[in-house]
Structure formats: C-alpha cells, structure tokens
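Asks: Letter by letter, the chains look like this.
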Amino acid sequence: MRLAIAPALLLAASVALAGDRDKKEKPGTIPPDFIHWAHSWEEAKAEAKERNVPIHVAFHKDG
Amino acid sequence: MDVSVYPNKDMIAASKTCVNIFCNDETEHEPKKKYGNEEWCSANYGQVCDEHVKNHRETSSLFFKDSIPNPTSILCMPDGTEIKRKVGGMAGKELVDLMKEATAKVGPGLGQDEYLFGKGRLKACEDAVKAGKTKDAIEALNAGNKTIGKNPAAKTVVDQIKAKLEEFNKAGMEIVEKAKEDVAAGKVEEAKKTLLEVSRNYKTLECAKAADKEIAALPKTK
Numbered sequence: 043m044r045l046a047i048a049p050a051l052l053l054a055a056s057v058a059l060a061g062d063r064d065k066k067e068k069p070g071t072i073p074p075d076f077i078h079w080a081h082s083w084e085e086a087k088a089e090a091k092e093r094n095v096p097i098h099v100a101f102h103k104d105g
Numbered sequence: 014m015d016v017s018v019y020p021n022k023d024m025i026a027a028s029k030t031c032v033n034i035f036c037n038d039e040t041e042h043e044p045k046k047k048y049g050n051e052e053w054c055s056a057n058y059g060q061v062c063d064e065h066v067k068n069h070r071e072t073s074s075l076f077f078k079d080s081i082p083n084p085t086s087i088l089c090m091p092d093g094t095e096i097k098r099k100v101g102g103m104a105g106k107e108l109v110d111l112m113k114e115a116t117a118k119v120g121p122g123l124g125q126d127e128y129l130f131g132k133g134r135l136k137a138c139e140d141a142v143k144a145g146k147t148k149d150a151i152e153a154l155n156a157g158n159k160t161i162g163k164n165p166a167a168k169t170v171v172d173q174i175k176a177k178l179e180e181f182n183k184a185g186m187e188i189v190e191k192a193k194e195d196v197a198a199g200k201v202e203e204a205k206k207t208l209l210e211v212s213r214n215y216k217t218l219e220c221a222k223a224a225d226k227e228i229a230a231l232p233k234t235k
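Chains as they are written, first to last, in my numbering: chain V, 43 to 105; chain A, 14 to 235.
Please note that a few of the clues may not be correct.
[Unchecked claim] List of simulated lysine to any residue pairs, SDA-like, C-alpha gap at most 20 Å:
#  : chain 1 : residue 1 : chain 2 : residue 2
1  : V       : 87        : A       : 120
2  : A       : 191       : A       : 219
3  : V       : 87        : A       : 69
4  : V       : 103       : A       : 39
5  : V       : 103       : A       : 80
6  : V       : 87        : A       : 98
7  : V       : 103       : A       : 175
8  : A       : 191       : A       : 203
9  : V       : 91        : A       : 116
10 : A       : 29        : V       : 88
11 : A       : 175       : A       : 135
12 : V       : 103       : A       : 105
13 : A       : 168       : A       : 124
14 : A       : 46        : V       : 104
15 : V       : 103       : A       : 67
16 : V       : 91        : A       : 162
17 : A       : 132       : V       : 82
18 : A       : 113       : V       : 92
19 : A       : 132       : V       : 94
20 : V       : 103       : A       : 70
21 : A       : 106       : V       : 75
22 : A       : 183       : A       : 209
[Unchecked claim] Simulated coverage check for chain V against chain A, where a stretch passes if three residues somewhere in it have a Cβ under 8 Å from a Cβ of chain A:
#  : region
23 : 74-82
24 : 89-103
Hints listed in this document are in silico derivations from the structure and should not be mistaken for laboratory results.
Since we're looking at a predicted model, the values are computed, not measured.
We put the CB at the ideal spot given by N, CA and C, even for glycine.
Working from the sequences, and respecting the hints, build out all of it.
Replies: Written out as structure tokens, the structure is:
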C-alpha cells in the first residue's frame, strides 16, 4: 500500500514544485479550478495521440 | 448545460484524462477577463476568443452536416474519430461518465498533470540550454525522468527526455575526448579544467564518470 502511494506523492510534490516554479517562469500555468483547453484541433489531436487519451470536443453558443 | 458545468472538482479531474477543445463561434460574451495577472476569454481560462472561434470553424464541418445543436459534447479517439456524442445540456456527472467511457475505450493513457510535468521539464531544459546552463538543463530532464519515467503510459514523453539526455551525454563524451587529446599534447591544466566542468555540469551521465576517470589519471603538474 505504502509502495503504491509513494510514487503518487512524489508526482504530486514534483508537479506542485514544478507548478510553482513554472508559474514564476511563464504565465499560463493552469490553475487547479479550470479545465485545460487545447488551442487548436491539430494541437488536440497531437496531444491526444502522444498521451493516448480521448478528445472531448465541446460545442457551445453564448447565452 | 452551460459552461458553468466545467468548474467542478469531479469534472476537472475527469477532464485531465482527455484532451479538451472548446468550440464557440460567438463572441458576444465579455471578450476578456482578468485571471490574476493574466487576461483571457471570460468563458475560458487559457484561451482567447479568436481561438474558440477558430476551433469552431475547424471542427464543425467534421462533426455536423447541417445546423449545430448547442451545446453538444463529442468524445473522440486520439485520431479524431468520433466515439459518442450527447446533444443538449446534461449534468456534470453525465459528462464525467461519458469521459470515463471514452477513456476506457481508448485504453491506458497519460494523465494531464504527468504530461504537462514531462513537457514542462523538456521546456525547462530548452530554456536552460538557451541560457547556457547545461547543469540546469540536465537536472530538468532528470527530474522528468525520475517522476514519470516508470509510467508505461508516459513512454512517448519519457523517450523524448531520454533522447535529450543521450544528446547531452554524447556532447559530454566529445568534450572528454578533446580533453584527452589536450592531455596528450601536454595541455594538462587546460584539460583538467575542461574535465572538471564536464564532471560538474553533466553529473549523473556516463560522460561525467568518464571525466572523473580521466581526472584521476591526469599526470601530476608542477
């Protein structure tokens, strides 16, 4: 159990550390209460392929 | 369903198992909103209105023949092939379940946090190289490798990290070889300085060990 938790904690700590560092280095680090939206369809497909994850396409109108 | 369904803890967690793209060709909403020191579209953090309009233009013909019912949520395979769609508003849980279903269909994938972390370390490496800070560049890559290196789903990103580390190792080995030539030519002090730099800056790589070995074997100077 401890072995399973350790990598998760390491990742969480590393991500948090990198997040803090990156926040100072470059604006645009995604705050935890927002969805990260891809900037283009091509970018979405490239990232989805690299990560092997689905693409969620959301169509909306104002109002 | 309006965009207020998105800033929800369970929704955000589920969204990290996908790549999300927001498509809206209207810009009647407030175009800009301050998020701390940053300014983005009022509906979406991290996007400007031009982007969601462009996304709409690029994707609408891929998924609709006639009019576009809004809202519509579509889940696709990584190549963009549609898996399932839901037209109309829905509760956050329903969209979360749709995402889970799509994720199960696609197979084991890399979470967004791990992906952004790995890509962030590659970018930090690139920045450090531009600033001439080899040691920092290698440390950034090692941090990426240490954190996500054992995750099989991170293979594509880890392979990029490992390829970069190998490039550094090769460059370091070339410097060591040049230092050995300097030693043979009697330029021992110059070679020692170079080897110490490799030992310090390329730490953890094979070339640093090679540099240490050469330093130990250097002839004594007066």
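Asks: It remains to establish, for every hint, whether it holds in the given structure.
Replies: Quick rundown of the hints versus the structure:
1. V:87 with A:120: 16 Å, holds
2. A:191 with A:219: 16 Å, holds
3. V:87 with A:69: 15 Å, holds
4. V:103 with A:39: 6 Å, holds
5. V:103 with A:80: 13 Å, holds
6. V:87 with A:98: Roughly 17 Å separates the two Cα atoms, so the pair holds.
7. V:103 with A:175: 44 Å, violated
8. A:191 with A:203: Since the Cα atoms of residue 191 of chain A and residue 203 of chain A sit roughly 11 Å apart, the hinted pair holds (cutoff 20 Å).
9. V:91 with A:116: Roughly 13 Å between the alpha carbons, so the hint for residue 91 of chain V and residue 116 of chain A holds.
10. A:29 with V:88: 16 Å, holds
11. A:175 with A:135: 10 Å, holds
12. V:103 with A:105: 18 Å, holds
13. A:168 with A:124: Given that 20 Å is the threshold and the Cα spacing comes to 12 Å, the pair holds.
14. A:46 with V:104: 15 Å, holds
15. V:103 with A:67: 14 Å, holds
16. V:91 with A:162: 18 Å, holds
17. A:132 with V:82: Roughly 18 Å between the alpha carbons, so the hint for residue 132 of chain A and residue 82 of chain V holds.
18. A:113 with V:92: It holds: about 19 Å lies between the C-alpha atoms, which stays within 20 Å.
19. A:132 with V:94: Holds. Residue 132 of chain A to residue 94 of chain V sits at ~15 Å (cutoff 20 Å).
20. V:103 with A:70: 13 Å, holds
21. A:106 with V:75: 17 Å, holds
22. A:183 with A:209: Since the Cα atoms of residue 183 of chain A and residue 209 of chain A sit roughly 17 Å apart, the hinted pair holds (cutoff 20 Å).
23. 74-82: holds (count 9)
24. 89-103: Since 15 is at least three, the answer is holds.
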